[in-house]
Amino acid sequence: MVRVSLTVNGEKRDAEVPPETTLLRMLREAFNLTGAKLGCDVGDCGACTVIVDGKLVNSCLMLAGQVDGRDVLTIEGLATADNLHPIQKVFEEKGSLQCGFCGPGVILSAKWLLDQNPDPSVPDIRDALSGNLCRCTGYTKMIEAIQTIARERTV
Amino acid sequence: METTTKTGTLVEAEELLRARTHSPLVPLPIEVRGPEPNRQTPAVGQRTTRPDARTHGLGQTKYIDDFYVPGMLYAKIKRAGVASARITKVDTSEAEAMPGVVAVITGKDIPVNSFGPSLKDQPVLAHERVFHAGDGVAAVAAVTEQIAADALEKIKIEYEEFAPVLDPLESLKLETPGVHAPSANIYGHKLIKKGDIEKGFAESYRIFEASFRTQMVEHVPLEPHSSLAQWDANGRLTIHSTLGRITLGRADIARTLGIPMSRIRIIATVVGGNFGGKNEITTEPVIGMLAKKTGRPVKCTFTRPEEFYASTTRHPIIMDYKTGVTKEGKILARKVRLVLDGGAYCSWSETTLGKACILCAGPYEIENLVAEAFVVYTNKTMTGAMRGFGAPQVCFGYESHMDDMAKALGIDPLEMRLRNVLKEGSLSPTSQALHSVVVKESLLQAAKRFGWNVQGAGQGQGALP
Ligand code: FES
Ligand code: FES
Numbered sequence: 001m002v003r004v005s006l007t008v009n010g011e012k013r014d015a016e017v018p019p020e021t022t023l024l025r026m027l028r029e030a031f032n033l034t035g036a037k038l039g040c041d042v043g044d045c046g047a048c049t050v051i052v053d054g055k056l057v058n059s060c061l062m063l064a065g066q067v068d069g070r071d072v073l074t075i076e077g078l079a080t081a082d083n084l085h086p087i088q089k090v091f092e093e094k095g096s097l098q099c100g101f102c103g104p105g106v107i108l109s110a111k112w113l114l115d116q117n118p119d120p121s122v123p124d125i126r127d128a129l130s131g132n133l134c135r136c137t138g139y140t141k142m143i144e145a146i147q148t149i150a151r152e153r154t155v
Numbered sequence: 001m002e003t004t005t006k007t008g009t010l011v012e013a014e015e016l017l018r019a020r021t022h023s024p025l026v027p028l029p030i031e032v033r034g035p036e037p038n039r040q041t042p043a044v045g046q047r048t049t050r051p052d053a054r055t056h057g058l059g060q061t062k063y064i065d066d067f068y069v070p071g072m073l074y075a076k077i078k079r080a081g082v083a084s085a086r087i088t089k090v091d092t093s094e095a096e097a098m099p100g101v102v103a104v105i106t107g108k109d110i111p112v113n114s115f116g117p118s119l120k121d122q123p124v125l126a127h128e129r130v131f132h133a134g135d136g137v138a139a140v141a142a143v144t145e146q147i148a149a150d151a152l153e154k155i156k157i158e159y160e161e162f163a164p165v166l167d168p169l170e171s172l173k174l175e176t177p178g179v180h181a182p183s184a185n186i187y188g189h190k191l192i193k194k195g196d197i198e199k200g201f202a203e204s205y206r207i208f209e210a211s212f213r214t215q216m217v218e219h220v221p222l223e224p225h226s227s228l229a230q231w232d233a234n235g236r237l238t239i240h241s242t243l244g245r246i247t248l249g250r251a252d253i254a255r256t257l258g259i260p261m262s263r264i265r266i267i268a269t270v271v272g273g274n275f276g277g278k279n280e281i282t283t284e285p286v287i288g289m290l291a292k293k294t295g296r297p298v299k300c301t302f303t304r305p306e307e308f309y310a311s312t313t314r315h316p317i318i319m320d321y322k323t324g325v326t327k328e329g330k331i332l333a334r335k336v337r338l339v340l341d342g343g344a345y346c347s348w349s350e351t352t353l354g355k356a357c358i359l360c361a362g363p364y365e366i367e368n369l370v371a372e373a374f375v376v377y378t379n380k381t382m383t384g385a386m387r388g389f390g391a392p393q394v395c396f397g398y399e400s401h402m403d404d405m406a407k408a409l410g411i412d413p414l415e416m417r418l419r420n421v422l423k424e425g426s427l428s429p430t431s432q433a434l435h436s437v438v439v440k441e442s443l444l445q446a447a448k449r450f451g452w453n454v455q456g457a458g459q460g461q462g463a464l465p
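If you're matching them up, the sequences are chains A and B in order. Going by my numbering, the residue at position 106 of the first sequence is 106; the numbering climbs one at a time, nothing skipped. Going by my numbering, the residue at position 156 of the second sequence is 156; the numbering climbs one at a time, nothing skipped.
If you're looking for bench data, these hints aren't it; they were derived computationally from the structure.
Reference listing, derived: stretches of chain B covered by chain A, where coverage requires no fewer than 3 residues with Cβ under 8 Å from a Cβ of chain A:
1) 63 to 76
2) 263 to 275
Simulated DEER-style distance windows between Cβ atoms:
3) A:Val-42 - B:Asp-232: 35 to 41 Å
4) B:Glu-218 - A:Ser-5: 39 to 45 Å
5) A:Arg-153 - B:Arg-213: 46 to 52 Å
6) A:Glu-144 - B:Ala-446: 18 to 24 Å
7) B:Lys-108 - A:Glu-144: 52 to 58 Å
8) B:Thr-269 - A:Arg-13: 26 to 32 Å
9) B:Thr-269 - A:Asp-14: 29 to 35 Å
10) B:Thr-41 - A:Gly-10: 45 to 51 Å
Where a beta carbon is used, it is the ideal one built from N, C-alpha and C, also for glycine.
Full structure from sequences and hints, please.
Okay, structure coming up:
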């Protein structure tokens with residue numbers, strides 16, 4: 001077993017998990033944070049995207065042991081229902097999510113992008129979302145939503 | 001169910017949702033109107049938001065794999081890995097002896113080992129015979145998913161392999177061994193006849209022949225298939241599942257488990273993409289049996305590879321077109337033969353076959369038509385429902401054919417279509433009179449909007465803006 005102490009969404013958390021446990025499984029099974037999804041388990045789909053120390057990570061590709069002492073942000077830490085992050089608000093208005101399964105990953109990728117680059121071009125946005133697959137909505141409405149936020153913010 | 005997270009945002013989100021979707025009562029009496037064929041619905045042009053958008057954005061929507069029930073076991077299914085074989089020996093003893101493994105079952109443990117939305121030709125777990133490489137041959141329930149996966153490696157199965165039937169055109173031949181012998185390989189057929197094609201071809205200025213093929217396509221829903229089974233103290237089974245057609249699924253589960261439908265409750269929550277691929281049962285009877293055997297809740301979630309080889313796919317179709325036209329490009333006669341690769345099991349093949357056959361003439365007025373479709377078994381991943389049920393495949397066929405003919409005749413491809421499209425009152429391939437037909441208007445509107453160059457007639461290409 002591996003002991004892991006880390007910060008998740010601003011809270012100190014500890015877990016003891018088998019060494020092969022991925023960050024994704026630890027979040028979902030040990031901490032009951034099911035916002036990050038398992039879509040492929042091999043780094044292809046981005047449904048498991050979280051932010052570790054400010055970096056976008058496919059949590060299915062990172063071992064739980066690797067996040068010891070680090071800071072993890074999951075979709076659950078981004079906002080609450082009555083205090084939405086602007087991305088969540090605009091995604092809702094624009095209908096950027098249908099089944100929603102890709103949503104937590106896409107929204108975290110968008111957040112990461114806007115943190116780095118407050119005024120991204122469409123190619124910048126495409127690039128940032130290149131690791132997130134969506135099978136229902138497609139990317140047009142997501143790109144529109146991210147552009148809208150950037151515009152609103154820079155005004 | 002332990003599903004809420006510590007922050008309590010789910011409760012907040014639900015309250016918010018309620019507030020948002022609350023609308024004032026509709027005053028009675030409600031005005032009842034008869035059908036008004038050409039009236040546009042007021043919904044067009046309205047902007048609306050999805051009621052579930054809030055929880056989606058917050059990551060609080062719960063899909064099946066997000067559920068955990070105390071005491072729950074994880075199931076994994078061993079796949080055959082051979083396309084056609086007889087199972088000669090099954091040894092699960094080593095897997096059963098592994099610490100953490102609670103139960104192992106094989107095909108012989110399934111009370112009624114066959115199901116399907118139309119033909120009941122699909123086993124829950126292969127027993128004696130394997131029909132495609134994705135067939136499940138054994139299932140394990142263990143305390144962790146990892147242990148269940150490790151246990152699959154310890155299950156030893158011996159096969160006597162046979163030459164698989166992989167080519168649908170081979171399968172069509174009488175001398176080809178039956179995939180499900182003694183049943184024939186052709187398990188569905190449809191024939192549509194209209195007018196007199198011999199006469200139509202005889203009067204044609206030119207006759208074009210072409211063959212088209214489409215490939216197998218997987219739905220790839222972002223959420224893999226998942227289900228969770230629990231028996232209660234009174235012998236009733238509750239299954240949470242990603243299943244889209246729960247009533248049909250319930251009948252199949254009742255059949256395979258040999259219990260009345262009234263003892264089965266299926267709960268389908270939000271689905272992370274279906275596209276037709278979640279329209280029939282997959283793991284439900286397996287986890288039902290494992291849960292019964294262990295007396296504990298059991299969950300099974302497909303791996304991504306399983307989505308590709310153990311769930312349904314879109315039918316590949318081999319399409320042979322023969323079309324007779326006048327000098328001006330008016331179609332006088334058409335003959336089509338479709339061969340659908342059904343894979344190992346029927347699933348929704350009959351629906352797909354029917355739709356493909358009815359639609360393979362395209363949205364064109366064709367007085368003399370023969371369309372014939374066959375669906376055959378092969379030792380491949382089964383095909384089933386997928387968006388459009390055969391319509392996209394034949395659309396690729398008849399539109400490609402149309403482009404080729406337009407080019408050869410020196411007619412603009414849009415013009416060629418406008419000369420043939422269905423009109424108000426036209427008869428469909430099955431001789432149904434059609435109403436509210438706006439193919440021509442739609443084509444012209446589309447051509448205008450994306451800047452199709454009608455001037456460039458005969459070039460066979462559009463002007464890009
Ligand atoms: S689950 Fe991690 S990338 Fe798909
Ligand atoms: S909304 Fe379904 S995968 Fe993106």
